[in-house]
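**Q** Listed below are the residues making up each chain.
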Amino acid sequence: MKKILLEINNLKKNYHNKKNEIEAIDNLNFSVYENEILAIVGPSGCGKSTLLSILSNQDKPSSGKIIKNKELSIGYMLQSDSLFPWLTVKENALLPMEIKKQKTEENIKNVMNLFKKYGLQDFISMYPNNLSGGMRQRVALIRTLSFNPNLLLLDEPYSALDYQTRLALSNDLYNIIKQEGKTAILITHDIAEAISLADRVIVLSKRPCTVKNIYDIKLENKTNPIDNRKDPKFYYYYDLIWRDLDVHI
Amino acid sequence: MSTFSKEHNDYLKKEKIYKIKVHLTQILVIIGLFITWQILANKNIINTFLYSSPKLIIETIISLFKQNILFSHILITLYEVLLSFIIASSIAFIVSTMLWWNKFLSKVFAPFLTVINSLPKVALGPLIIIWAGANMNSIIIMSLLISVFITIINLYESFISTNKNYIILLKSLGATKKDIFQKVIIKSNTSNIISALKINLSMNFIGVVMGELLVSKKGLGYLIMYASSIFNINLIITAIIILGLLSVFLYSIFSYIEKNYFKK
Ligand SMILES: Nc1ncnc2c1ncn2[C@@H]1O[C@H](COP(=O)(O)OP(=O)(O)O)[C@@H](O)[C@H]1O
Ligand SMILES: [Mg+2]
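So the sequence lines, in the order shown, correspond to chains A and B.
Read in order, the letters of the first sequence correspond to residues 0 to 248 in numbering that gives the first Met the number 0.
Read in order, the letters of the second sequence correspond to residues 0 to 263 in numbering that gives the first Met the number 0.
Quick caveat, the hints were computed from the structure, so don't treat them as lab data.
Be careful, since some hints might not be right.
[What the hints assert, rightly or not] In silico contact screen, one side only, chain B against chain A (beta carbon under 7 Å); selected entries:
no.: 1; residue: 164
no.: 2; residue: 165
no.: 3; residue: 168
no.: 4; residue: 171
no.: 5; residue: 186
[What the hints assert, rightly or not] Partial pick of chain A residues on the chain B-facing surface, computed with a CB cut under 10 Å:
no.: 6; residue: 55
no.: 7; residue: 56
no.: 8; residue: 74
no.: 9; residue: 76
no.: 10; residue: 79
no.: 11; residue: 84
no.: 12; residue: 86
no.: 13; residue: 97
no.: 14; residue: 99
Quantities reported herein were computed from a predicted structural model and do not represent experimental measurements.
By construction, the Cβ of each residue, glycine as well, lies at the ideal position given by its N, Cα and C atoms.
Let the hints inform the model, and build the full structure from the sequences given.
**A** What follows is the structure, given as structure tokens:
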């Protein structure tokens, strides 16, 4: 049976500034299961990044509860790769351990294995500015995985990249998450990306966001994100989610 | 990597020749100016008593050198500049770090800094002399007053303009404020810090000469003051030229350090 890793109960978040009070999240409820990829889609500005910043303890909720059923170690990845240009690729990937004071032989070896596994071992002594956008995001992913977190929070990680690169990277991402046995919450504004990668998709309403719908993605033949896009049921979900998002221009 | 195509080598060569051309032209401009100056002086078109001439300046330098006072003046000025540079840089670094560290402090003191910085510090000269005495202390204090506020502001501004994503990333890893300062703020701002220090140095230079003009008994500023009191234009212009050379010298040390230790 699927085990619940994380439960979000009646979560509320308001931001305050001089002029007004901004309700970002209103009464949000959902669970995250172990080893699933959970995609979250929603209109821009609806509170998705806010949710991740609360889950990663950078922000406090105004009210509500987050129940963790297990000691969570969280890897957080943003849209911008945020690699430090003054550090080499390897030094960048080792940065989290340094900050967490977990820079052990074994952890370093793990990172080197990840580099090897994902075809980056020839680039580890280069500086990030000499890498393509796609490679930089791969390095950022390895940095995110470097301290062996069990929950990945991915905030539109590939949205700044071109379509081709994004497709290739989503295959990569999928394989890495599944092979390394991680749980991931993936925020994306790309419906196709959500359906092709995720086990479940949560659709959020406009701000203040609340859960509008949750879909169990049951494709006929689930393989990898690129091929999943050709699945007969792909457009069935696409249509549903598109309707939920109710985009007006 | 080291074997470039012929096209690329040609390109590099062209760039190099271009750079040499620029430098040569710069040198020619300076030499041309001095030659013109000398010719105008020789033909009595300009009055050398008021406007001096390159030849007279060289003679003045030689005589200063023979009297063994050239280097002592230069060294005193250099010493004052470097001393105030070190003190001002340290103070500015500590204060800007504190302001970055504590938002409340920065809210309280930012307006003060802006106001003090825009105050013409020369106006404080007489007061400084009364308080600190007509000695080197006054010169150093003058130099500090002129340099330290602008350097604090420059450093602080660069600290707070650091890429927010770098900070979010570190915070998500549970980094402390100290981690963030050491691993991001300092590292991502090396070029800003260096340019703030460069400005600091020029300000120290200005401050020291101003101080010397006001109070000193030694140094290039003093030499200018002394020369003007006996209406020795040659000496004034000589001192000014030496000041210019000195600042070029200090600046190039800085550029050298920057180029060799901080370039990635
Ligand atoms: N630190 C903050 N202070 C004030 N308002 C904020 C802050 N962060 C986000 N907001 C506001 O909260 C809302 C949701 O933002 P965000 O979570 O970034 O949206 P999304 O990621 O879904 O595009 C927006 O209206 C945004 O302006
Ligand atoms: Mg966002």
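**Q** Holds or violated: is there a CB of chain B closer than 10 Å to the CB of residue 97(A)?
**A** holds (8 Å)
**Q** Does the CB of residue 55(A) sit less than 10 Å away from some CB of chain B?
**A** Residue 55(A) check passes; min Cβ-Cβ to chain B is 5 Å, inside 10 Å.
**Q** Taking the least C-beta to C-beta distance, is residue 99(A) closer than 10 Å to chain B?
**A** holds (6 Å)
**Q** Hint validation: residue 79(A) versus chain B, beta carbon distance must be below 10 Å. Holds or violated?
**A** Check passed: Cβ of residue 79(A) comes within 5 Å of chain B, closer than 10 Å.
**Q** Can you verify the interface hint for residue 74(A): is its Cβ closer than 10 Å to any Cβ in chain B?
**A** This hint holds: residue 74(A) lies near chain B, its Cβ roughly 8 Å from the closest one there, short of 10 Å.
**Q** Given a cut of 7 Å on the nearest C-beta pair, is the interface hint for residue 186(B) held or broken against chain A?
**A** holds (5 Å)
**Q** Per the CB criterion, is residue 171(B) less than 7 Å away from chain A?
**A** holds (4 Å)
**Q** Measuring from the C-beta of residue 164(B) to each C-beta in chain A, is the shortest one below 7 Å?
**A** Constraint on residue 164(B) satisfied, holds at 4 Å.
**Q** Should the hint that residue 84(A) touches chain B count as held when the rule is a Cβ pair under 10 Å?
**A** holds (7 Å)
**Q** Taking the closest Cβ pair, is residue 168(B) under 7 Å from chain A?
**A** Cβ of residue 168(B) sits 5 Å from chain A, so the hint holds.
**Q** Does residue 165(B) pass the interface check with chain A, least Cβ-Cβ distance below 7 Å?
**A** Constraint on residue 165(B) satisfied, holds at 6 Å.
**Q** Next item in the hint list is residue 86(A). Is there a CB on chain B closer than 10 Å to its CB?
**A** holds (8 Å)
Violation of the numbered hints given earlier is absent; every hint is satisfied by the structure.
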